[in-house]
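Engineer: Read top to bottom, the protein sequences are chains A and B. Okay, so the first sequence: first residue is 1 according to my numbering, each after it adds one. Okay, so the second sequence: first residue is 1 according to my numbering, each after it adds one.
Derived from the structure by calculation, the hints contain no laboratory data. Note that the coordinates shown come from a computational prediction; the quantities given were computed from them, not determined experimentally. Please note that the accuracy of each hint is not assured.
List of simulated lysine-lysine pairs, DSS-like, C-alpha gap at most 25 Å [claimed, not checked]:
hint: 1; chain 1: A; residue 1: 169; chain 2: A; residue 2: 107
hint: 2; chain 1: A; residue 1: 300; chain 2: B; residue 2: 47
hint: 3; chain 1: A; residue 1: 300; chain 2: B; residue 2: 49
hint: 4; chain 1: A; residue 1: 301; chain 2: B; residue 2: 49
hint: 5; chain 1: B; residue 1: 49; chain 2: B; residue 2: 69
hint: 6; chain 1: B; residue 1: 47; chain 2: B; residue 2: 69
hint: 7; chain 1: B; residue 1: 122; chain 2: B; residue 2: 8
hint: 8; chain 1: A; residue 1: 308; chain 2: B; residue 2: 122
hint: 9; chain 1: B; residue 1: 69; chain 2: B; residue 2: 8
hint: 10; chain 1: B; residue 1: 49; chain 2: A; residue 2: 308
hint: 11; chain 1: B; residue 1: 8; chain 2: A; residue 2: 301
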Amino acid sequence: MAQLTVNQVRYQCNADETVLDALTRSGVAVPYSCRNGICQTCVMQSSSANVPITAQNGLKPTLQAQNYFMACVCYPTEDMTITLPDNADRLLSATVTAVRQLNDDIKCVGLDCPSLQNYHAGQFINLYQDNDNTRSYSLASVPTDPYLRLHVRRMPDGRVSNWIHNELKVGDRVQISAPVGACFYVPDTPQQPLLLIGTGSGLAPLMGIIRDALNHRHFGDIYLYHGSHDVTGLYLVNELCEMTVHYSNFHYVPCVSSTNIDNRYQAGRAMDVAFVAHPHLAGWRIFLCGNPNMVTSARKKAYLAGAKMNDIYADAYLINHKR
Amino acid sequence: MSANLYEKIGGDAAVNAAVDVFYRRVLSDERISDFFDDVDMEHQAAKQKAFLTMAFGGPVHYTGADMRKGHAHLVTRGLNDSHFDAVVENLVASLQALNVPAELIAEVGVVCETTRNDVLGK
């Protein structure tokens, strides 16, 4: 059992309890989201270097060196004195460089953020409308692009997405968080076949991941299945077709699940079409982005089809969380 | 017996190999897949790893009370002896697929059996 000191107040952290659980149980207001050591919303700082290494997984080395850690995955091994950081310190300023309609519901937003040098394509940022309203959006760009690119889908009654669609314009200044997330390409196995399945604006991180893989000279086959209810929900179709011409190992399969069928598209849900085409996935790396039900069920199917759990990367677009 | 069993079977590496096979099997077994079908697969796989480590006599120690508490919600959903047997059957088949010697598989079976009453809330 460890003792936690925050603002001179002491809290008990029980055995097998995380710092986040101990503090929230005691009524301390700590912002958090994923509870899995991914989103970094609950990052805080210890006054000494007594942080379990597993609570720093994925944090930047500079933050690790300053004893920052994620409370949701921190099981303290000794007493800790903790500072809850001021969020404003960690926000980055960006300028809107482009707002472009991709289809009826989705806009591409370009952002110039000079202080952001390094990120992984496929990670997400939190975009702040104001102090109280923030939403996560995946990065569709790669780090060598001049600007960050987001695909923002207009959600019915979505406060932030409607603000972006209705009001945001070129030249506006916005605040964003540093990119986080672990759904990205790692260039360690360039021969490995990749299967990417996305629905709706879940195409955004997949675009970044594919371009990142191709930039790293990935030579294994790369299959993208992008799904939508109807043809109007698909977007960047011409750009993706163009990419298949330039890269012989890249394969693009747009899928439409409603009955209206055009022979340029596969009939059915992207996930179903993909698993029929690729029933055996041992040795594959899988990326799943978009609708949470699709992500959950595709993750299970991919695993049962032989993919290792460590080779399945997923980003579920939770309503309220990403819009 | 326990420590020896865990070492003889191959320790943590063996557990990892077995979890991959075992969890895939139980998720595919219609008799029991519902009990294992968790939205958070990684979380569920971590639980299976803890279970297998225990079944192999490794350094995971659940008390009878832990087992009761951890499975009570499943008992209310109808978990019974037939499901318990099916899980053990899948575990045995997984270990056979990994060429674990029969006498060690028998020892694993004995460890599992000691948990039956607590798991089923008897």
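Engineer: Evaluate each hint against the coordinates.
Structural biologist: To see whether the hints hold, each was checked on the structure:
1. Using a Cα cut-off of 25 Å, the hinted pair residue 169 of chain A and residue 107 of chain A holds, with the two alpha carbons roughly 12 Å apart.
2. Taking the CA atoms of residue 300 of chain A and residue 47 of chain B, the gap is near 16 Å; set against the 25 Å cutoff, the hint holds.
3. Distance check on the hinted pair: residue 300 of chain A and residue 49 of chain B sit about 17 Å apart at the alpha-carbon level, within 25 Å; holds.
4. About 20 Å separates the Cα atoms of residue 301 of chain A and residue 49 of chain B, which keeps this hinted pair within 25 Å; it holds.
5. Taking the CA atoms of residue 49 of chain B and residue 69 of chain B, the gap is about 18 Å. The hint holds against a cut of 25 Å.
6. Our distance criterion of 25 Å between C-alpha atoms is met by residue 47 of chain B and residue 69 of chain B, whose separation comes to about 14 Å.
7. A C-alpha spacing of about 32 Å is found between residue 122 of chain B and residue 8 of chain B, which places the hinted pair above 25 Å, so the restraint is violated.
8. At roughly 36 Å between alpha-carbon atoms, residue 308 of chain A and residue 122 of chain B are farther apart than 25 Å, so this suggested pair is violated.
9. At roughly 31 Å between alpha-carbon atoms, residue 69 of chain B and residue 8 of chain B are farther apart than 25 Å, so this suggested pair is violated.
10. For the proposed pair residue 49 of chain B and residue 308 of chain A, the alpha carbon gap of about 15 Å is at most 25 Å, so the pair holds.
11. Distance hint between residue 8 of chain B and residue 301 of chain A is unfulfilled; the C-alpha atoms sit about 33 Å from each other, more than 25 Å.
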